[in-house]
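Visitor: Residues per chain, in single letters:
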Amino acid sequence: MAVLLISNFHDPEIWLPAIGEHVPGIEFRFWPEIGDPADINVALAYDPPPGLLATLPNLKAIINLFAGVDSLLSDPDLPDVPIGRMVDSAMAHDMAQYALLHALKYFRQMPIVEEHQRTHTWEWLKAPKVEEHTVGVMGIGAMGRPVAEMLTTVGLEVRGWSGSARKIDGITCFHGEAGLRAFLGGTRILVVVLPKTDATIGIINADTLAMLPRGAYLINIGRGEQVVDEDLFAALDSGQITAATLDVFRTEPLPADNPYWDHPKVTITPHHSGTTRVATTSRVLAANIRRVLAGEAPLVPVDRTRGY
Amino acid sequence: MTVIIIAQKPDQEAWYRPIQALVPEIEILKWPDIGDPGAVDVAVVHKADPGILAQFPNLKALIGMWAGVEHILERPDLPDVPIARMVDPLIARDIGHYVVQHTLNYFRSMPLIQANQRAHLWQHIEPPPVNFTVGLMGLGAIGKAAADMLMNLGFTVRAWTRTARSSGGDIPIFCGHDRLEEFLAGTQVCVCTLPLTPETEAIINTTRLYQLPAGAYLVNAGRGGQVVEEDLLAALDAGHLAGAALDVFHEEPPGADSPFWDHPRVIMTPHNAADPRPDSVAPAVAYNIRRALAGQPMRNLVDRRRGY
Chain A
15 MAVLLISNFH DPEIWLPAIG EHVPGIEFRF WPEIGDPADI NVALAYDPPP
65 GLLATLPNLK AIINLFAGVD SLLSDPDLPD VPIGRMVDSA MAHDMAQYAL
115 LHALKYFRQM PIVEEHQRTH TWEWLKAPKV EEHTVGVMGI GAMGRPVAEM
165 LTTVGLEVRG WSGSARKIDG ITCFHGEAGL RAFLGGTRIL VVVLPKTDAT
215 IGIINADTLA MLPRGAYLIN IGRGEQVVDE DLFAALDSGQ ITAATLDVFR
265 TEPLPADNPY WDHPKVTITP HHSGTTRVAT TSRVLAANIR RVLAGEAPLV
315 PVDRTRGY
Chain B
108 MTVIIIAQKP DQEAWYRPIQ ALVPEIEILK WPDIGDPGAV DVAVVHKADP
158 GILAQFPNLK ALIGMWAGVE HILERPDLPD VPIARMVDPL IARDIGHYVV
208 QHTLNYFRSM PLIQANQRAH LWQHIEPPPV NFTVGLMGLG AIGKAAADML
258 MNLGFTVRAW TRTARSSGGD IPIFCGHDRL EEFLAGTQVC VCTLPLTPET
308 EAIINTTRLY QLPAGAYLVN AGRGGQVVEE DLLAALDAGH LAGAALDVFH
358 EEPPGADSPF WDHPRVIMTP HNAADPRPDS VAPAVAYNIR RALAGQPMRN
408 LVDRRRGY
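Read top to bottom, the protein sequences are chains A and B.
What the first sequence shows, in this note's numbering, is residues 15 to 322, in sequence order.
What the second sequence shows, in this note's numbering, is residues 108 to 415, in sequence order.
Mixed in with the good hints, there may be bad ones.
As the list claims (entries may be wrong) - Dumping the calculated DSBU-like pairs for lysine-lysine here, alpha-carbon to alpha-carbon at most 30 Å:
id	chain 1	residue 1	chain 2	residue 2
1	A	K181	A	K143
2	A	K140	B	K154
3	B	K137	A	K143
4	B	K251	A	K143
5	A	K140	B	K116
6	B	K116	B	K154
7	B	K116	A	K143
8	B	K154	A	K143
9	A	K140	B	K251
10	B	K137	A	K140
To be verified - One-sided excerpt, in silico: chain A residues whose CB lies under 7 Å from chain B:
id	residue
11	L118
12	I126
13	V127
14	Q131
15	H134
16	W138
17	L139
18	A141
19	T167
20	G169
21	P267
22	A270
23	W275
24	H286
25	T289
26	R291
It should be emphasised that the hints constitute simulated quantities derived from the structure, not laboratory data.
Even for Gly, the Cβ is constructed at its ideal location relative to N, Cα and C.
Hey, can you work out the whole structure from these sequences and the hints?
Guide: Set out below in structure tokens:
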């Protein structure tokens with residue numbers, strides 16, 4: 015009986031002792047030092063090489079080390095075992111903080127204020143009204159809901175959209191394709207926190223950007239593939255979108271010659287909206303290992319047909 | 108019984124209309140139409156040129172539209188009448204937003220990330236620390252609003268106040284100049300929302316800045332006179348302070364040669380942390396007009412000895 019960690023991101027010397035502390039007696043291995051593949055019952059995986067998981071005959075479950083399982087589900091040989099994904103409340107909290115920071119920067123016209131500082135211009139700006147700057151959170155599930163809720167704690171107007179109907183106190187909720195136009199039509203600052211699925215790839219495109227009121231702002235902390243980059247460039251150039259903050263991209267790290275880098279209306283952050291913390295994450299991973307070894311379903315199970 | 112509103116055009120109408128609507132039975136004059144100056148009982152002041160206040164010999168009360176009153180208290184034409192200042196929840200919320208935005212901007216490493224963007228550098232950013240203390244200098248209505256927002260975001264909050272207060276809720280309070288050093292020593296982002304009084308003038312000086320831990324950040328949404336600007340620049344340039352967000356300055360607008368404009372670690376904003384809105388402050392003004400005309404004490408009276 016052993017647990018296998020597969021990741022290019024997680025340092026085994028830090029993570030294995032941190033998780034092991036909460037599940038004493040469990041043997042851990044670190045890919046590619048698998049040993050006997052038949053020993054492995056649980057895989058903790060981040061972006062595993064396609065086909066690798068299919069070589070583990072006694073695998074009981076896969077725990078995806080991040081919230082997004084799109085890369086895992088794209089493995090054509092993915093074994094038919096339960097999958098859990100990491101929804102770490104500390105990570106959701108960090109994403110909510112990130113969204114709040116950038117929404118406030120746009121709400122308070124920081125791009126103009128920063129430009130004024132560069133040109134030594136002292137110009138008092140009339141404060142925008144909260145009721146004219148509704149923040150629309152696209153994706154109000156495990157990750158998006160805490161984002162929407164945190165935005166309301168400072169008194170911002172918040173609405174939410176999700177694929178299927180949801181209800182959250184204090185937040186006007188829209189859903190499905192039918193609700194998209196109404197949702198975007200009243201959104202001044204759009205925050206995308208969607209999981210990457212077939213239905214959400216390319217969802218931020220010329221059509222949906224045009225549904226926003228002119229001069230809207232975009233903050234993307236979902237996945238890079240959700241944005242059609244050419245369409246966003248066009249919307250920035252036409253003034254339909256005033257400015258965008260992007261934490262995720264189709265290719266990461268963002269190549270040095272990508273035009274986003276020097277775009278004056280784009281703020282780039284290196285996929286750090288939700289950060290992984292060893293202390294909190296290892297505790298959740300250990301709990302998941304105990305559940306799976308006891309024959310229970312993992313926390314936050316993945317529905318393969320929905321894609322998250 | 109007459110009331111006069113003294114503001115500058117074109118704002119005058121905007122201040123007048125919502126207040127007059129709430130006290131239709133009272134005649135409100137608009138500067139410079141002063142009617143019979145001896146009949147004016149109450150002056151509602153937004154901006155008044157020097158000497159204007161001395162023209163009303165029978166004034167009974169003065170209602171200010173600002174949270175800070177230091178500029179009015181030092182006027183030679185100030186009549187010896189009760190003065191009320193503006194305590195408006197929207198002002199407190201706006202300044203709370205300012206404090207949250209600039210605290211998060213520093214906490215989430217945005218100065219580094221923005222420099223990396225200019226260099227096309229994609230660099231992993233360490234997760235923000237779990238325990239992080241924001242120290243608020245001043246815990247009036249404004250400081251309290253900022254404290255509530257910061258605590259909702261997971262920050263540890265402490266406060267320094269000049270005089271003892273019965274309760275700060277969950278917030279540890281350090282009271283008086285004797286405890287300022289202890290307060291600063293455990294503060295990572297120092298936020299000033301103090302009123303400017305002889306006691307708070309130049310309170311942020313070399314000695315106090317070096318009582319903050321190395322790498323601390325300063326947010327000043329109080330008054331420019333509280334910061335010794337050359338001391339702040341020296342502490343920034345010596346690398347003791349990580350940076351500063353400043354909304355207020357000794358001289359406003361700051362001179363074109365002010366070193367803050369081009370300072371790489373200073374964010375300057377044009378004294379617009381809060382923007383009092385006529386429709387929001389009108390009810391409090393109307394209430395105080397009625398109280399003053401009835402000979403009753405107004406709400407939010409200024410204590411001239413304390414200076415706020």
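Visitor: Give a verdict on every hint.
Guide: The hints, checked one at a time:
Restraint check: the Cα-Cα separation between K181(A) and K143(A) comes to about 26 Å, which is no more than 30 Å; the hinted pair holds. For the proposed pair K140(A) and K154(B), the alpha carbon gap of about 17 Å is at most 30 Å, so the pair holds. A C-alpha spacing of about 27 Å is found between K137(B) and K143(A), which places the hinted pair at or below 30 Å, so the restraint holds. Proposed proximity of K251(B) and K143(A) is supported: the alpha carbons are some 21 Å apart, at most 30 Å.
For the proposed pair K140(A) and K116(B), the alpha carbon gap of about 15 Å is at most 30 Å, so the pair holds. About 10 Å separates the Cα atoms of K116(B) and K154(B), which keeps this hinted pair within 30 Å; it holds. For the given pair, K116(B) sits about 22 Å from K143(A) by alpha-carbon distance, which is consistent with the 30 Å threshold. At most 30 Å may separate the alpha-carbon atoms for a hinted pair to count; K154(B) and K143(A) meet this at roughly 23 Å.
Our distance criterion of 30 Å between C-alpha atoms is met by K140(A) and K251(B), whose separation comes to about 24 Å. Restraint check: the Cα-Cα separation between K137(B) and K140(A) comes to about 23 Å, which is no more than 30 Å; the hinted pair holds. For L118(A), the interface hint holds, since its Cβ comes within 7 Å of a Cβ in chain B; the closest pair sits about 4 Å apart. Residue-level restraint check for I126(A) is violated (minimum Cβ-Cβ distance to chain B is 10 Å; threshold 7 Å).
For V127(A), the interface hint holds, since its Cβ comes within 7 Å of a Cβ in chain B; the closest pair sits about 5 Å apart. Checking Q131(A) against chain B: minimum C-beta separation of about 5 Å stays under 7 Å; hint holds. A distance limit of 7 Å between C-beta atoms decides the matter here; for H134(A) the minimum to chain B is near 5 Å, and the interface restraint holds. Look at W138(A): its Cβ gets to within about 5 Å of chain B, closer than 7 Å, so that hint holds up.
Using the Cβ-Cβ criterion of 7 Å, the hint placing L139(A) at the interface with chain B is satisfied: the shortest such distance is roughly 6 Å. Given hint, A141(A) at the interface with chain B, holds; its Cβ is 3 Å from that chain's nearest Cβ, closer than 7 Å. A distance limit of 7 Å between C-beta atoms decides the matter here; for T167(A) the minimum to chain B is near 4 Å, and the interface restraint holds. With a cut of 7 Å, the hint placing G169(A) at the interface with chain B holds, because the nearest CB-to-CB distance is about 5 Å.
Taking 7 Å as the C-beta cut-off, the interface hint given for P267(A) holds, the closest approach to chain B being about 4 Å. Of the supplied interface hints, the one on A270(A) holds, with its beta-carbon coming within about 5 Å of a beta-carbon of chain B, less than 7 Å. Because the beta carbon of W275(A) sits about 5 Å from the nearest beta carbon in chain B, less than 7 Å, this interface hint is met. Contact between H286(A) and chain B, as hinted, is supported at the beta carbon level, the nearest pair being about 5 Å apart and thus within 7 Å.
For T289(A), the interface hint holds, since its Cβ comes within 7 Å of a Cβ in chain B; the closest pair sits about 4 Å apart. Proximity of R291(A) to chain B holds as hinted, the smallest CB-CB distance being about 5 Å (cut-off 7 Å).
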